[in-house]
Amino acid sequence: MDIEVRNLTYEYDSGTPQAVRAVDDVSLTIPGGQFVGIVGHTGSGKSTLVQLIDGLLKPTAGSVYLDGEDIASRKFDRKHMRSLIGIVFQYPEYQLFETTILKDVCFGPLNMGLKQEEAVNAATDALLRLGIPRESFGASPFEISGGQKRRVAIAGVLAMNPKILILDEPTAGLDPGGREEVLGLLKSLNESGLTIILVSHSMEDVAKYVDRILVMNEGKIFMDGNGKEVFSHVEQLEEIGLAAPEVAYLMKAVHDAGIPVATNITTAEEACGEILRALKN
Amino acid sequence: MDKFIEIDKIAYDYNRLDEEGNVEGVNRALDGVSIDAKRGEFITILGANGSGKSTLAKHINALLFPAEGTVTVDGNNTADEEKLLEIRQCAGMIFQNPDNQIIGTIVEEDVAFGPENMGVESKEIRERVDESLKAVGMYDYRESSPNKLSGGQKQRVSIAGVLAMHPKCIIMDEPTAMLDPQGRREVIRAARALNDVEGITIILITHYMEEAIYSDRIYVMDAGRVVMEGTPKEIFSKTEELKSHKLTIPQVTAVAVALKEAGLNLPDGILSRKELVAELARLKKE
Amino acid sequence: MLKDITLGQYYRADSVIHRLDPRTKIVGTLVYMISLFLFNNLICYVFAAVFLTFVVGLSKIPPKFMFRGMRSVLFLLVFTVIYNIFLSTGTVIVKFWVFTITYEGIQQAVCMLIRLFLLIVGSSLMTLTTTPNQLTDGLESLFKPLKIFKVPVHEMAMMMSIALRFIPILMEETDRIMKAQIARGADLENRNIFIRVKSLIPILVPLFVSAFRRAGDLALAMEARCYHGGEGRTRMKAMSFSAGDIVAWVILAGYIFAVVFLGVTFKTFPEFLVLEMKAGLEYLIPTLSAR
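Residue numbers (our numbering), protein chains in the order written: chain A, 9 to 289; chain B, 397 to 682; chain C, 144 to 434.
Here chain A stands alone, though its shape is the one from the complex (with noise of 0.2 Å):
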């Protein structure tokens, strides 16, 4: 499923003389099956583009169409709308509710409309996928660690089967090892088909797993690009207060000390062998 966005704006207390414009004439198209990556301070408006593209605000002008179609039409009722596109919101674990982990993420598929019985499968296998064994589906979700609660959180979203997944800042407060958890199965479910729009200030874990990278400054786009392309600007993202990764730096300054290596290297790996292929000449 392709997203579009054309011209799209977004104001909080418009026509008000405090009136902000956090998404500001952005126009985009995301294929289905990508990767997306989109990155930028806080306050860039980031955040309030995805809402947009979830239908979760209104925009204040221009339109987002799902296959060609506007989402403000009247072919996608709310329901329709929810179960094609899932939403993480930062931090989901605190919208847990339910007495049990199953009941939880069954939550959203009984919303959709399914059986009981429907739902209760669709959660299972949401669950299984994230990594949570059959035993603890009877476990309260206030008792789980923060890392499982986080993986429950997001399996109450992909319970409503979504074609498209955004998650705003999956990976905030985990260890190293939670990080890496979360991020391999976004991964993981990117290649059975799901398109991922992960929205992150870790320039790390972008370089590392997306396909594309959006970067965000005062409401517009402000690079479009893989990795590769991005991440060579060091310059012009610093002027917009964010940070290439440690490696692209690392390879700039191995370049400067006058030895032969290219600079738009964004991972450990490859500056490895960047650095040995350089060394060897």
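Honestly, the hints are just simulated from the structure, not real lab data.
Keep in mind that this is a model prediction, so the values were computed, not measured.
Please note that the accuracy of each hint is not assured.
Stated by the list, open to error - To spell it out: a stretch of chain A is covered by chain C in this simulated footprint if at least three of its residues, at any positions, have a beta carbon under 8 Å from a beta carbon of chain C; those stretches are:
(1) 43 to 50
(2) 55 to 64
(3) 103 to 112
To be verified - Distance condition first, Cα-Cα at most 27 Å in a straight line; then the derived DSSO-like pairs of lysine-lysine:
(4) B:K656 with A:K216
(5) A:K260 with B:K629
(6) C:K380 with A:K123
(7) B:K642 with A:K157
(8) B:K681 with A:K288
Stated by the list, open to error - With beta-carbon atoms standing in for the labels, derived distance ranges:
(9) C:I344 with A:R82: 29 to 37 Å
(10) A:E246 with B:K530: 23 to 31 Å
(11) B:K530 with A:E199: 50 to 58 Å
(12) A:E226 with B:K681: 42 to 50 Å
(13) A:G249 with C:I344: 35 to 43 Å
(14) B:R412 with A:I248: 53 to 61 Å
Even for Gly, the Cβ is constructed at its ideal location relative to N, Cα and C.
Position chains B and C against the provided structure of chain A, taking the given hints into account.
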């Protein structure tokens, strides 16, 4: 040098409660943990979520008390109730969530909270508040509402709030976990400045490896025990061992390790970009 | 939507009103509010409005900012006007279908409107010029005598200031949880009241869990900063009456005098109050002159 903080083989249990609130069993959160810090040291405690590092932190300023073993801060045993306020004043604490530790509705009123509790005179509180806010670079925001600040700024206000109590040590319990990269840099910079300039002992608890490379010593915790101890160089040269405790190494160190494995003649424990570049330049000359 | 509430929002400025002791402002606001309820004709209200305009002018708060808080109570104002216009009895001016508009009704509506308007502007002037902490300090100090009756004055003041700090945070949190549950298909706009009440559970449970977690965190943070109740606590901004306060008290006394004068002239006070006042004066004057 004298041991300013001395934690000797402490254990701590959380009670597991059943649905009626009766004690069902105990979870051992800390198990024979020993840690010490000298005056003016910068100590980092690393560990995955649930490794017991936050529980440990709360022992240092007498918010929790060990079931076994002793905690001594500047010569005072935390079990000594009469010294409670003295210990808390001497060892300040910064928590993870910036919103849940700011009490005042105006920045300067929050910073004044600690000294007010200690019964410091009005005029001196004013001086301490201004001084502390300047030390963390938040003086210009002294009359703002905390709700209007960024996460990094809120954490700096919290640090100022602790500084105004004139502590000798600050324990930071994952102060950067909820911040964006910009905020993380601000907080770590503030912590390092306090350690360098004011000589305040810092105990930083984190799971961001990059934040640990500046410390004097690192302790690694896993499942309620201290499993590794040493300088950053020593700790980060043991990649496999760190991985087994669900931790990683800083990215630059990872590149250095990979290069070494590929046959380059590099020393162990390279932490900074500068070190690695210098080593590579040397190799190129040879 | 939840962010529009101006009440409890401090407007930072350097003015004589800002510098006044919070106790002066609390007592002043109280007196002003009482005076509004004692008035019931236009001349009195014009006087009260002029007085308030004078104080607002001194406070250096842009009028635009003052009126922003009105938006959230607009419904209340409109309701009051409609209620009074249509539901008062008296001389009929217009009559159509079941509605009758009376002269008294319009008069009543205009008075109520002005009264509420002045009331809101007056009280938000206090919250805009006084930080919530100063406000609670002031209340704590004014209620101190109640300590004799074992009223936990300090604890109540502390609770109030913490509540003021956390209301905006919890509002934001509610917004966030609502969005998250809507994204999971929660139906918050259903016409059926039962479905709507049921759909509150996924919002209220996480909100309570979060509020309790925050409370726990905050208690720990307060303890870590040596909080041990009100005993032995000092204040950075110790309250003291300045020359400005003396001037303010004199003006306030003048205002009270004017209110009494206007009230007696236009007979706007309830009868029992007038009798009480007369009795009081009859007692006071001979006693004072005897000295």
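Open item on the list: Tell me if the straight-line CA distance from K681 of chain B to K288 of chain A falls inside 27 Å.
Closed with: holds (12 Å)
Open item on the list: Just to make sure I understand the rule, a stretch counts as covered if three or more of its residues have a C-beta closer than 8 Å to a C-beta of the chain. Does the region 55 to 64 of chain A meet that for chain C?
Closed with: This one holds; 3 residues, not fewer than the three required, reach chain C with a Cβ under 8 Å.
- [ ] Determine whether the Cβ-Cβ distance between R412 of chain B and I248 of chain A falls within the hinted range of 53 to 61 Å.
- [x] violated (49 Å)
Open item on the list: Given the hint of 42 to 50 Å, is the C-beta distance from E226 of chain A to K681 of chain B inside that range or not?
Closed with: holds (46 Å)
TODO: Could you see if the CB distance from E246 of chain A to K530 of chain B stays within 23 to 31 Å?
DONE: holds (27 Å)
TODO: Take a look at whether the Cβ-Cβ distance between K530 of chain B and E199 of chain A falls inside 50 to 58 Å.
DONE: holds (53 Å)
- [ ] For the pair supplied as a hint, K260 of chain A and K629 of chain B, confirm whether the alpha-carbon distance does not exceed 27 Å.
- [x] It holds: about 24 Å lies between the C-alpha atoms, which stays within 27 Å.
- [ ] Apply the coverage criterion to the region 43 to 50 of chain A and chain C: a residue qualifies when its Cβ sits closer than 8 Å to a Cβ of the chain, and three qualifying residues are needed.
- [x] violated (count 0)
Task: CB-CB spacing for I344 of chain C and G249 of chain A relative to the 35 to 43 Å hint - done: With a Cβ separation near 40 Å, G249 of chain A and I344 of chain C satisfy 35 to 43 Å, so the hint holds.
Open item on the list: K380 of chain C and K123 of chain A were given as a pair; does the straight-line alpha-carbon distance stay at or below 27 Å?
Closed with: violated (62 Å)
Open item on the list: Count the residues of the region 103 to 112 of chain A whose Cβ falls closer than 8 Å to any Cβ of chain C, and tell me whether that reaches three.
Closed with: holds (count 3)
Open item on the list: For K656 of chain B and K216 of chain A, compute the direct alpha-carbon distance and say whether it is at most 27 Å.
Closed with: Holds - the C-alpha atoms of K216 of chain A and K656 of chain B are around 22 Å apart, at most 27 Å.
The structure is inconsistent with the numbered hints 1, 6 and 14, although it conforms to all the rest.
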